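Novice: The task is simple: from the sequences and hints, build the whole structure.
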Amino acid sequence: MATGISKSPVSFTLTPHKISICILVQVYAPPSQNSTPFPFSSVSQHNRLGIFILSLTKVSEGIFEPTLDELIAQLSEIGGLLNHWLNDHLTRRLSSLASPDDLFNFFTDLRGILGGSDANVMDDDQIMLDPNSNIGMFTRRCLLAFNQMPFEGICHLLTNIGTYCKDALSSYPPCGISNLDDPTDDPDASLEFENMEMENFVYEKVSDDDDEESSMGIGRIPFHGHGSKAFSELIEDGASSSRPRLEHMDTTALSSSDMPRGIGFNGTFLHTNWQVQGYLSEQANAIEKLGSSFPLNAFESTLRKLQKLAPDLHRVHFLRYLNSLYHDDYPGALENLHRYFDYSAGTEGLEYVPPPSGCSTLGRYESALLCLGMMHFHFGHPKQALEVLTEAVRVSQQYSDDTCLAYTLVAISNLYSEIGISKMSRIIGSSSWPVAGMGTSLSAQQQLFVLLQRSLKRAESYKLKRLVASIHLEIAKYDLTHVQRPLLSFGPKASLKLRTCPPNVHKEIWLSSHLINEFGDESSVMTTEGAFCTAWLKNLKNPTGSLIFTEENENRLNSNVFQFCAQPSSVPGSVLQLLGSSYLVRAASWEMYGSAPLARMNALVYATCFADSSSLSDAALAYSKLIQHLAVYKGYKEAFAALKIAEEKFLCVSKSRILIAKLQLLHECALHRGHLKLAQQLCDELGVLASPVTGVDLELKTEASLRHARTLLAANQYSQAAAVAHSLFCMCYKFNMQVQNATVLLLLAEIHKRSGNAVLGIPYALASLSFCQSFNLDLLKASATLTLAELWLSLGSNHAKKALALLHGSFPMLLGHGGLELRSRAFIMEAKCYLADPSFSVQDDPDMILEPLRQASEELQHLEYHELASEAFYLLAIVYDKLGQLDDREEAASSFKQHITAFENPQEVDNSLSNTL
Amino acid sequence: MASKETCRTELRYAVRHLSDRGLYSASKWAAEQLMGIEQDPSKHTPSHTRFQRGSSSIRRRFRTADSSASGTPSAGVSYVTTPSMIGVEDYDYDPIDNDFYLLGKSYFDCREYRRAAHVLRDQTGKKAVFLRCYALYLAGEKRKEEEMIELEGPLGKSDAVNKELGSLERELSTLRKNGTIDPFALYVYGLVLKEKGSENLARAILTESVNSYPWNWSAWSELQALCTTIESLNSLNLNNHYMKDFFLANAYHELRMHNESLSKYEYLQGTFTFSNYIQAQIAKAQYNLREFEQVEVIFEELLRNDPYRIEDMDMYSNVLYAKECFSALSYLAHRVFLTDKYRPESCCIVGNYYSLKGQHEKSVMYFRRALKLNKNYLTAWTLMGHEYVEMKNTSAAVDAYRRAVDINPCDYRAWYGLGQAYEMMGMPFYALHYFKKSVFLQPNDSRLWIAMAQCYETEQLHMLEEAIKCYKRAANCNDREAIALNQLAKLHLELGRSEEAALYYKRDLERMEAEEREGPNMVEALMFLARHCQTKKRFDEAEVYCTRLLDYTGPEKETAKSLLRGIRYERDVEHFPS
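Protein chains in written order, with UniProt numbering: chain W, 1 to 917; chain B, 1 to 578.
Note that these hints are calculated values from the structure, not bench results. Please read these numbers as outputs of a predicted model, since none were measured by experiment.
In silico lysine to aspartate or glutamate, EDC-like type, Cα no more than 20 Å apart, as pairs: (1) K144/B <-> E152/W; (2) K383/W <-> E466/B; (3) K305/W <-> E195/B; (4) K375/B <-> E141/B; (5) K305/W <-> E199/B; (6) K375/B <-> E150/B; (7) K375/B <-> D312/W; (8) K305/W <-> E147/B; (9) K163/B <-> E152/W; (10) K308/W <-> E150/B; (11) K372/B <-> D312/B.
Specialist: Okay, structure coming up:
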């Protein structure tokens, strides 16, 4: 799209850095007869230089080529015994290039090392560079670029080489100069000297590392395997793998912005186009992964520089868009998005598939719409998002861009499933709506289902594997919360079964992860190769030849191995991310279905295996799930300990899941300890986190008002609690959140139970039960049954048998999967039933009552649930009294007293709680 | 304002100072203004008063007038203008120094800047120091331009920089600290700082420069370029001087405060009655206020006085284009092409001509040439975008408009063009973003509001309430094409609000009557109003509308007749209920 002043694209420019590489290539492949040419003492040394050169041509760690200093520093890492000779040679060769004629001669020599076109002719011994190898190609490109260069270009190159060398000399430590100037200097001594210096350097770094490891960016040397700092904790493990990368990013950003680059050309040469693109896509991944903790300004300044140097590289605008997007800068994101697509017409970046010939001149603005829609979605503007996405559907249909259409449909279904549906009716009704053809009789959710199915078919037929996998996940999420109904119900409705279908859910999840297994190395060769080279260059500190580091060698080697395994996997990051989210969905599904161990296991798998490749917010979600699990099953102490670790890890993420988890945890704890004011405050804080727009952040809003109702209930304000629960029910109904409604109904039953209106409570409990049944919410069903039993019992002792039967029916679920609170409630309930049952006598079988009560009191003490604990001890005391065990009775009574005072005077005990806020 | 005589004297000196220092465009500007001052009829014969160009005798007479005139400027700091100080500067130097200066200046005039700087390397006189710095700056600029071409990278132009800036900044800042800096060197210092991006300091330095020597128009222009907001403009601490009025008028224009700018220029015209510059500036302001007739008159006169003028002629060609004056435009194109074909303005005029002729490919070619001559030539980017839109090459149009917008984000035409292009591609919602930008920048332009309203109205969006809001804005700001009222009526009708619809039809009707326009809209309005009044039982009114409809031929006449019959019948029924 060259509407500007058109010019022939020169894709490869010669720079001093490239000349340096050429010099190294000459060293690597001199026209000599030996298998290991002159300066090298071993084959491995020779090969190491080869890999080094290869990496230099592919590395994608920044936008600028390294300065001579940096190159020499790297070179001395790999050179081992040779490094003095290599550095010397390099600088000497560079400074000998003083006139245009020197350059001509240099390139003529360079041509000599290239082998002929047919490689068979040459001798075995002779080293020839295969012209079709990577390095050979590079050399040929340099030669071509030189041959095409006008005289002005050669002049520029010469001045640039001059400044390149001069900068290096001026900033090189004085000893370096003396080394260069004094060829008689003993090479071994200087080597040792340099190594010693290196050791000092290392020592400093380590001490730095210990002092302020979080703030200092020392990413160049992976020191986290060093010494005793072995991370045994699982959570720490995740942290260790993500931290160095973060630090590294800081250093690159800093080094590129802080370098003294005044007006001259020192060091401001861009890498090749390919390398810069690789860098940008790596950064894009990093932004998406790290979210708001990505260094905004440093990267922005890098981008600005890049834009100045390469105004036709429009991808920069996209990166700027991403950067603003993840830092919640709406105007910036909007501006850059529009700018990017105005310039590139959607034909750069993304997963660009060239359209069939004929419509190629039109550009692909539909992807602009898709992005804009996603952006509005991200910022919580569902209405605009839907408008834009609808337009995207229309435009992609118009230009028959099927790929974009598929993506757009999925985006729409995402939008649908994330936000409330009730307000969408206007747009759904309009004629341009893609599903309108199905007839408007369908409910909004059914439309979503149709949409998903259609997009699945579409994605499958275009072989968009990633998309297919994510649609499967989406369908799984849909199935999780929706009752299956036949779409168009003709004929007899006998087969209609109003239940969700867990096997379907898991089938979809399996399909999604299975598809990912098929992933080879598709479409991401460029980035992985560049990333590999970057990683290799970063790990140069692992010397093979040097003996001085032996002491630390092993540790470092380990860490290197670890990094190597983590880095160049052939599965692209986005696929790993998808795979990871399938585990999250799995965890969510098990949590809903009520299998605590499985939910925990899946969250654990996610946190261990995918935390590295996932976005920070997803990882935070997994952690918060784990913390909640701890709270429910192990008590608050452990949960708070875990929370502390997680908070440190996700400190940088604003408005994160961790904060929500913390508030939930504190609220729960405050409720149990009877600190109602604090509880109310906490649940208000939770509510504030949600966006004020209706239909957005529904999950959080339900959570907040549910907690509000529970707080009111705990304060015995029954009518207010009921009012809150009712309005919540209405909201859930409006936005079709049936699963949440089961919880709300159960809460209503609870409210009526507590207010002494058991008769009114029973219908709510029953309704909740039937909801649970149709959605397969087994654990919730068990707890609804428990409530039902409690309600029956409160109707009178003649219902005790019935209640007991109900309770025993759901005992396996309650005891197997329930948390501490649920279990103890069940135990107390059982004891109460027995006590109320006139046909049961305590004396006959005291353990039938004592055992559950003891269990309950023990677990409740863990939980610090004073109210329930006092009840348990009270019952225990009564039973002991009946049995005549006076000592035990006194003990239970004193425990009872203890808990009841703690419950009634929460302030004294709970300073610690408010301190954690 | 200073008296005409003072202005004249001051400017006369200024021209000499400026050209002596190689500040040619400033000196040209000053000379133009000098000629723009109305001569005192008592001193000169009437034949000479109007256009004095070419009359050497008058010049000589002016010079004799100089030596006698000791009028110090009434406003501003009296710095160089006082003749005694001139004398100090001109004659106090050593003759050798002066020889160096002469050589340096000659080199400078031959555009051998580095040589000039070299010759002046050890000179300490203020004039010499200035010329050396300025020569160095220009040398750097020249090299920069060359390097821009040479260093074109694979991803577009690399940013070549003026390599002299660093050393110049260092030297000039020490000079300033020592207090041995004159306003001209301050101007160079300002230039350097501006180029280096330290805008605040540059603004301060340039203010200092113009306060001590106000006649350097180049310094004012640099200062103007640094005032991108009204706040920064108001924060400047400037001495009162008539040059400040020139500056403010120009700055207001750039800040799109056209009326303020216009009144300033009209005030200045009191003194500089015949200034071509002021006339052209007034034309610019009028053009932005869309007073094309006046602009045309002004330009005709300008061309009569100054037939080889190329500056600002691209705007004249825009006016001719808008008025579809084929022959005038072709004449203009021919003339400027013979004068200087390698001026961006010339290329732009030719491009406009071809565009008017419907030969869009050729037109694009000339716009491209204009852009090659000046990559940041805003008008050409926008106009090229228009051409691409005409050629239905929307993505190229988008690209061109976007470049215009990135050069100057206040160019509402380019934003509007972007919106239009996206609307053409069937992306009305996406286009809205751009229309919003353009109406934000130019809220008084009805065309923009109408375009936005039409966007809302499209079949895909169908957001009629929003469309109504936009049309209302359009109707409020002098909607020349008279689309808004009619559309408002139609939309209200569509939404079933017949009262509002009737109101707008009536207003539309009044307007058409006032402007004596006829057409389908008239018939439509009359027809609706007749029916509306009939249903509302306002028979007299309805009858009036029907009778007016009878003037038209065609089906309307028949409808009107039947309506009239119906009205009479209903009236009868009303009067004599059966």
